[in-house]
Amino acid sequence: MQLRFLLLSAAAAMLAACLVPVPVQAHAVLLAAEPQDGARLDTAPPDVRLEFNEPVTPARVRILDGDGVEVAGPDAVMAHGSMVHVALPADLRDGGYVVSYRVVSLDGHPVVGSTVFLVGAAGNVAAGDVAAGDVAAGDVAAGNVAAGPADRSASLAVAGVAVRAAFYLSLFVAAGGALFILLVTGPGHPCAGRFAPVMVFAALAAVASAGGRVGLTGAELVDGTLDGVWQAAAWVAGCRASVAQSGIAAAAGMAAIVLGLRTLRRPAAPVLLVAGALAAFLSLAASGHAATAPPRWLSAPLVVLHGAAAAYWIGAFWPLAVVLRVESPDAALAIVRRFARIAAAVVVLLALAGSALTLLQVGSPAALLGTWYGRVWLIKLALVLALLALAAVNRQILTPALMRAARGAANRLRRSVAMEAGLAVAIAVATASFALEPPPRALSQARQAGVDNGTDPHAGHHAAAGAAAVIEVLGRVATVSIVPGRRGANAVSVRLTSGDGGALATQAARIEMALPALGIEPITRELKPGGDGTYVLEAADLPIAGNWSLRVDVLVNDFEKTIFRADIPVGE
Amino acid sequence: MKTIYAAALVAALNAVTATTAQAHITLETAEAPAASTYKAVLRVGHGCEGTATRTIRVLIPEGAIAAKPMPKPGWTLTTREADYAKPYKYFEQTLTRGVVEVVWSGGELPDAWYDEFVFRVRLPEGEAGTVVYFPVVQECATGVHRWIEIPEPGQSAHDYKEPAPGVTLGAKKSH
Numbered sequence: 001m002q003l004r005f006l007l008l009s010a011a012a013a014m015l016a017a018c019l020v021p022v023p024v025q026a027h028a029v030l031l032a033a034e035p036q037d038g039a040r041l042d043t044a045p046p047d048v049r050l051e052f053n054e055p056v057t058p059a060r061v062r063i064l065d066g067d068g069v070e071v072a073g074p075d076a077v078m079a080h081g082s083m084v085h086v087a088l089p090a091d092l093r094d095g096g097y098v099v100s101y102r103v104v105s106l107d108g109h110p111v112v113g114s115t116v117f118l119v120g121a122a123g124n125v126a127a128g129d130v131a132a133g134d135v136a137a138g139d140v141a142a143g144n145v146a147a148g149p150a151d152r153s154a155s156l157a158v159a160g161v162a163v164r165a166a167f168y169l170s171l172f173v174a175a176g177g178a179l180f181i182l183l184v185t186g187p188g189h190p191c192a193g194r195f196a197p198v199m200v201f202a203a204l205a206a207v208a209s210a211g212g213r214v215g216l217t218g219a220e221l222v223d224g225t226l227d228g229v230w231q232a233a234a235w236v237a238g239c240r241a242s243v244a245q246s247g248i249a250a251a252a253g254m255a256a257i258v259l260g261l262r263t264l265r266r267p268a269a270p271v272l273l274v275a276g277a278l279a280a281f282l283s284l285a286a287s288g289h290a291a292t293a294p295p296r297w298l299s300a301p302l303v304v305l306h307g308a309a310a311a312y313w314i315g316a317f318w319p320l321a322v323v324l325r326v327e328s329p330d331a332a333l334a335i336v337r338r339f340a341r342i343a344a345a346v347v348v349l350l351a352l353a354g355s356a357l358t359l360l361q362v363g364s365p366a367a368l369l370g371t372w373y374g375r376v377w378l379i380k381l382a383l384v385l386a387l388l389a390l391a392a393v394n395r396q397i398l399t400p401a402l403m404r405a406a407r408g409a410a411n412r413l414r415r416s417v418a419m420e421a422g423l424a425v426a427i428a429v430a431t432a433s434f435a436l437e438p439p440p441r442a443l444s445q446a447r448q449a450g451v452d453n454g455t456d457p458h459a460g461h462h463a464a465a466g467a468a469a470v471i472e473v474l475g476r477v478a479t480v481s482i483v484p485g486r487r488g489a490n491a492v493s494v495r496l497t498s499g500d501g502g503a504l505a506t507q508a509a510r511i512e513m514a515l516p517a518l519g520i521e522p523i524t525r526e527l528k529p530g531g532d533g534t535y536v537l538e539a540a541d542l543p544i545a546g547n548w549s550l551r552v553d554v555l556v557n558d559f560e561k562t563i564f565r566a567d568i569p570v571g572e
Numbered sequence: 573m574k575t576i577y578a579a580a581l582v583a584a585l586n587a588v589t590a591t592t593a594q595a596h597i598t599l600e601t602a603e604a605p606a607a608s609t610y611k612a613v614l615r616v617g618h619g620c621e622g623t624a625t626r627t628i629r630v631l632i633p634e635g636a637i638a639a640k641p642m643p644k645p646g647w648t649l650t651t652r653e654a655d656y657a658k659p660y661k662y663f664e665q666t667l668t669r670g671v672v673e674v675v676w677s678g679g680e681l682p683d684a685w686y687d688e689f690v691f692r693v694r695l696p697e698g699e700a701g702t703v704v705y706f707p708v709v710q711e712c713a714t715g716v717h718r719w720i721e722i723p724e725p726g727q728s729a730h731d732y733k734e735p736a737p738g739v740t741l742g743a744k745k746s747h
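Residue numbers (this note's numbering), protein chains in the order written: chain F, 1 to 572; chain P, 573 to 747.
So here's chain F without its partners, still in its complex pose:
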């Protein structure tokens, strides 16, 4: 009896199971999107179409503009079989858009993803302008904004160069004048007091331009345009960058020098002048590409030496001019000769430190012609050689003329010194122009140290200028950096190493970028090998600012994949 019941129920169950419709056993796959993922269009499209390989039900399909605002409501979404169609409003403005879709396949499994498209020229940064890996993670940490030229307005770049050049010149006039007083004339010399007015003016100018650097750096971090200087956020951002530390050191040095100038007859004067000059030179090592080139224990002291040598030379022009005008030819001669003797050694130091810094910054001679940095360097070198030639003329011709007390010799020497000063201004402008582009060593991505975005207190503001994150999974380390870290086209680079910093052999890498706060599903891109253990994505369009969640899938070997996850903020 019971057996019969069991058999009957089993048969009924099997029959019932056969009647339950077995769903198609697949996930849907997006075959094509119109506009294409990553397309750059001249005019706004009338609609968005997503084509899948099987009929799907749209659960949430949204089109968002660069501000994260939905431009097409849920009523605009229609599904015809395997095609999802979203009508767009007619008056779409230029900019970047994200199509974020979440659809349900026949087997009930959701399929998600996002595509992006750009309309018009606004918001488009040509991919070539922002080369991947432009900023190694360490540069971001040092507060160096080395974004591609298109990401900084021309006026901001020019202002930056002008302020930096003014900073160097005024710093060198003040600190170099202090060195002149200390080494050549001595603080007790009657002329020393005559140097003071211009040096004090230079000290004030140095402090003012240091402040200007803070504001302009902040403007670049926050806005990218010169108008950004008027925003309080720019100044806050600048104060957190390394230029602020540099500015504080410079200001302290200038204060000490001014104090020393006012108390020249007192025994405290030399101490104040030395301390002030030292602080000024140390401020040069606090920020800037040159001082942060690896290894830092070498590059920072080299910058200090190079700066001190340059200051000695440049800071001597004014005192020399004064001496030649005021003193008798004999006294002037003595001073000039003393200056020249020391200058001979200082020039050697200048050249050696400069060469060493060049070696650290420029990877190969080919980079000298091929990169912006290299070309600026060649110009600076030409100017420095011209200056050396002029100095040689001074030494060989004009100074002996002064020795012979020839008529007008002092005037000729003063004119020559004035010409040297003019060359020095040009050299300062050239030096200030280096910072517009990353040096070749940063381009070659040799940097090992990373920045942990989560614990770096500067992270919030550095992020707007390029952000990086270091993730470790199962003994493998990925350094992910996004440049410039602002909405629009970004270059993504992923550097992979083993836990001890050694090379990691990998086969391929893929990145998914999502913005969970706005519910934007992941945009998927394949990364291309960039050599030396890195993978790059030249132009990743991230049209909306916010905290993007990145997932990098790295294929280590045929059977093994490591997943790295990081949150990286993308600024406005």
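Incorrect hints may have been included.
Unchecked claim - Pairs of lysine to aspartate or glutamate residues, derived as EDC-like cross-links and limited to a Cα-Cα distance of at most 20 Å, are as follows: (1) P:Lys745 x P:Glu664; (2) P:Lys733 x F:Glu512; (3) P:Lys611 x P:Asp687; (4) P:Lys733 x F:Glu526; (5) P:Lys733 x F:Asp75.
Read the hints as simulated data drawn from the structure, not as lab findings. Fair warning: this is a prediction, and the values are worked out from it, not measured in the lab.
Since the structure of chain F is already known, use the hints to place chain P on it.
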């Protein structure tokens, strides 16, 4: 009455199991006792984006020993042997080397058809609840699917698009 209810219950259970998403390559038997001899059946329900499957490669993970694949007519079966990370006791023997990769190649399984790829393996020792993953690489006429994602801590295979087939270890059975 009781039989009708029973029939309905069984039918419902059947229906539920029948609708499990099978777009992924999965193992037919999802649970097995630790250190037991396990018949692994890889269910391949799809090719890559509609194209036919031509090769199935499976990696035998560390700890799973004495792997023996089942040949399939029309497919070329090859295995790769390597040293184990440490010696394992297998019945009266101590094994230090064995099959670590099984490859069925040269076949043509259209997307519309289904097939199973079988091998037998001694599962590793482990706590009940541990999942042992067998990463599978599926090569098709166009494209490759790598079912190799091992869930990160706190996640399960359901959270991934291409998870590795896995079997959950149960309590070890003493014979």
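Taking the hints in turn, this is what the structure says about them:
A threshold of 20 Å between alpha carbons decides the hint, and for Lys745 of chain P with Glu664 of chain P the separation of about 18 Å falls inside it, so the pair holds. Among the hinted pairs, Lys733 of chain P with Glu512 of chain F is consistent with the structure: their alpha-carbon atoms are about 12 Å apart, no more than 20 Å. With a C-alpha separation of about 16 Å, the suggested pairing of Lys611 of chain P with Asp687 of chain P holds against the 20 Å cut-off. Straight-line distance between C-alpha atoms of Lys733 of chain P and Glu526 of chain F comes to about 16 Å, which keeps the hinted pair within the 20 Å bound.
For the hint pairing Lys733 of chain P with Asp75 of chain F, the CA-to-CA distance comes to about 30 Å; that exceeds 20 Å, so the pair is violated.
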